[in-house]
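Enquirer: Given next are the chains, with one letter for each unit.
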Amino acid sequence: MMLAAPRGAAFALTLMIYGLFIALQAHNPLTVFNEMWQGAFGSRFAWSSTLSRATPILLTSMATLIPAQLGLILIGNEGVWLLGGLTTVMTSLLLKDFPQPFAWILMFLSAFVVGGSWLMIAGAGKQWRDVDPTISSLLLSYIALACFLFLVEGPFRDPSSLNKPSTYSVPEHLRVGQIPGLGVHWGLVVGIVFAVIIFFLVYRTTFGFQSRVIGGNIRTASLLGLPQNFFILAGCFLGGGLAGVAGGLEVAAIHGNANASLYSGVGFSGILAAYVARHNPLAVILVALLLGGIESSGDLIQRRFGFSNASVDVFQGLLFLMILVAESWERFIPVKSRKMANDILNKEVAS
Amino acid sequence: MDSLLVFLAILLSGIFRTSTPLLLVSLGELITEKSGRINLGLEGVLVMGALAGFAASYWTGNAFWGVVFAAFIGFAMGGLHGWLCSYPRVSSIAVGIALMILGTGLAFYLGKPFIQPQAPQLFALDLGFFISHMPFREALKINVLFLLGIILVPFLSWFFAKTRWGLIVTMCGENGEAAHALGYNVATIRTLATATGGMLAGIGGSFLSLYYPGLWTESLSSGQGLLAVALVIFSHWNAWRAMGASFLFGILGSLGAGLQSMGMSQGFHLFNAAPAFAGLIILWLTSHRFQKMRGRPAELKVLT
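As given, the protein sequences belong to chains A and B, one line each in that order. Taking the working numbering, the leading residue of the first sequence gets 1, the next gets one more, and so forth. Taking the working numbering, the leading residue of the second sequence gets 1, the next gets one more, and so forth.
Heads up, a few of these hints could be off.
To be verified - Computed footprint of chain B on chain A, listed as stretches where at least three residues anywhere in the stretch have a Cβ under 8 Å from a Cβ of chain B:
id: 1; stretch: 142–148
id: 2; stretch: 261–274
id: 3; stretch: 316–322
The set of hints was computed from the structure by calculation and includes no laboratory data. Every residue, glycine too, gets a C-beta built ideally from N, C-alpha and C.
The shape of chain B in the complex, shown without the other chains (with noise of 0.2 Å):
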């Protein structure tokens, strides 16, 4: 019976703390992919946003400037990847897989006296803190950075949906053409929502090194920033189903852990790669050959 419960406990956790870096990076990816370009290259950013995070709080002994200047690289980094895109024939695919590729590359040169040292960790509030069954208690403890993220949903809902600004990023994502003869210059919205989108992934990576697992270790990002992409797209370009997906992927993610509280050790592996799994399949049932997919953005033309 106590076993079990740390099971469940361990699957909360996953959405409150596996979830939190799927949910920052696919809402910065969605903000990229609404103006029309799409970033793979946000695992490159995420792990480099880990890096800076850690760094930066080891140095400061702050984990608010980790965060700071975890944003600062991940805006760089994503500004890099919208300004590269902007020049003609350069294919956003593939600097993104450039970049994903110097990214993890760069964490892991800059990153080897880092794995050492303890930085000081982001706060979080302790919501359960009335239950006296310990594993639940942690799980209950909500970061920071995931209440970022669910303010960030509604908000992103309402700023496409509703503001000036929102709706030329959606032209921009549905019709170039038609936001250029309107005046808008594209190519620096475009850059703009790509910059925006990284500094969402950089931020989503602070969270990885200072608050779960909270270290510094090259092995720190499984794919997240990968899969955040692919949730996008099967969450159809909406807010609040890329946060219910990250929330199925956080509970699926944490499930290898789970089981092994349980002592179920073989698979391990596994599990690990059920948040693949799951996408994959998930992404076969929802692609349809001969009809747009909901939502996507029309000038979102790699995607084909």
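Next up, chain A with everything else stripped away, as it sits in the complex (with noise of 0.2 Å):
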């Protein structure tokens, strides 16, 4: 609980620098805020939107979180992301005569496999050449966006779409429907049990526990003789491969297909939710839900206040800032709960 209080006071200053820079633009903050919250979380239709918007920023913050384990800071998620895209509605266009479970499996699995080996590039970098992967991410992120724009405009684009670039579109019968009564397609279920696993996988297996030595001491790493590039390798692949997937499901439900509307920053938050979530997989499922609120609560307050669509990026970006500045303030938590909080942990973690 006290660990918690730090997140807690960051939020809290955001919303009120937030609201100051609400304040300088002739608005009463409240009345924004609470069109927000409306927007975010007010109605069964509000939270339809949230859910939806979360779901792509939980599986997209896969590819920044998995390699954290492995003490690797990866930003090329929205790229990771065009990539999945595109790719599930090529191989839907391909496999549009074969019965539907078995094409559907195909469709995310490609999308997993060239999203994993686009974000391997990076791991196989810093293994091979010692390739800052920060930096090569982000630039892998700038390549794949480039491909992605000349492949939907040039080769595979469909010539009926004149305004807008676009891909032929994914076949009726291999869209992802929605969960009855929630108004949010299926994507959402394979987010959760993708971040069960991944949790289960980091926390509950040698694997996992591998993997965090790894990325916590090299040198222990060496001396216990783990394979450390197939542990890289294989995080980046896995990391990657969800972003993409990700990619695939949005435009098997959502788009239908794929054009440059899809390069919308999601990786971006992606990226922001891992960080928040202190790369917990578990933990990143509220994160999501509270960055896809506050995307949602978005749209509402452009349309009731004339604010643009930046103005969610400004409050993110805010709150990333104040999150991780929020890190220094733990020194202020008193050591007899600090350590009693890190041993409920740890005893978690351990058992």
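Two independent chains are provided; combine them into the complex using the hints.
Expert: As structure tokens, then:
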């Protein structure tokens, strides 16, 4: 409980600064905050919008979260997400005569493989040439964006899409449907299931423990003889793969085809989510919900107060900055309760 | 023949135009990294600088004040990064990413009213006045900010190698504890170095909105701020090499426009990514697994 206090304080401080920002534009911050709450969690419709925005954030956050267990800071989420979306469309077009379940598996498997392989380039660069993985992953993201736009507007373009170059659409029977009664597509379930699986993989298996040894102390890992190359590549593959599946789900459930509107900053929200959750696969579910809520509230305040949609980025950027600074506020927590919290945490992890 | 000349002129303008923001941002990042910190948020600073420069030039009617205001905003944002990173356990990489998101978000948010209007532009020296071939004459127009970048290169080399303050900054980057033992406030020096780096990035941004392309749009920057960080790494923290690499990337960045002028519009997006692609390849080729990179400040721990 005590350990959450700095984060709560960071959130409160973000609201205060953002409130000031709103007040400077001659709006009442409290009215705007109330509208934001209504737009995020206030109604059934708001919930379904929030949940369908939280889903891609949750899945793309894995491309930062999983490599982080191995000590790699990767921020190439956006590029992997785009490539995953494009791959899913193209595979679905190839497989339109195949039986539905089989085609679905191959569609998302191909997105997983493409996304995972793309991020693996950054991991391989780190292992074999000691290329800084943070920078190489972001460069890879720019390259992926360029390839995506080139393919969508060039070879893969549906000639009938005039104003907005797009690919052909995913065949109707291969679209991903909605969960009955929730107004959210099945990707939400996929995201939560994978988050739980990753949690068990990281904290309850030998594989996860070994990964964290590599992430924690590379010398210990060498002394133990752990195959670091394998672990690093596997982690990048898994993380990138899940972000690729996120793009695939978005296209197969919402957009229908791939075009430039898929490039919307979801990957950056994913990075933010992973950091705020401190790379904990269960906590990231809640953080994704919060960020999904913020994005969905952006729509409402855009209509109601005429704020541009970039106000969401401002809010997210502020929140991110504050949460990071909150890391250093932990020293203000009395040592005794800090120790107690750590003991509980350790016991949980050890058992 | 004529189209080839136009193509060459566009590549030449790559050196004088496209490379200028890269040069300024990478020199800024060089100062920051020399002090032992890394600021990944210069992309956000660049975009904010572009907006600030455009806005101030529009308000005052004088592009000079635009550059000054952009420098000020860049200094403030760099200072924010440096200040936050002075606290224990705050990761400079993550703060950089946050600054990137915040900076671009804030610029797009505040910049909506500036998409339409025109602002007074920066002055350029017409070096090619004796050439009658228009594209070449245009390419040889040299902006004052380009000259600022070129002057900074020998200055920074001299500053870090020969001056007392330069050596203090270098010492903070090589061994913070030694600097602390000598009585210097390492956190303050690093914060100042990051703020100065931000200032140069802000000026680089104002070049985009006040000279080339010379307007404010949301797609103004195509990752130059980030590319500059990569550029500093493979130029081995050397200002002269950073200049060479900026020129190379400027030429690569204008390759797409050049080929378009010759009637090859296919693959336009791919050519836009040419600098990023080249950056990745060069990083891959110049790194070594078991060898500390030459010239790398020892305190730059994040680059593991």
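Enquirer: With reference to the structure, classify each hint as holding or not holding.
Expert: Now the hints, each set against the structure:
Here the stretch 142–148 of chain A counts 5 residues with a CB under 8 Å from a CB of chain B, which clears the bar of 3, and the coverage holds. Under a criterion of three residues with beta carbons nearer than 8 Å to beta carbons of chain B, the stated coverage of the stretch 261–274 of chain A is upheld, 3 such residues being counted. With 5 residues bearing a CB less than 8 Å from a CB of chain B, the stretch 316–322 of chain A meets the requirement of three and the coverage assertion stands.
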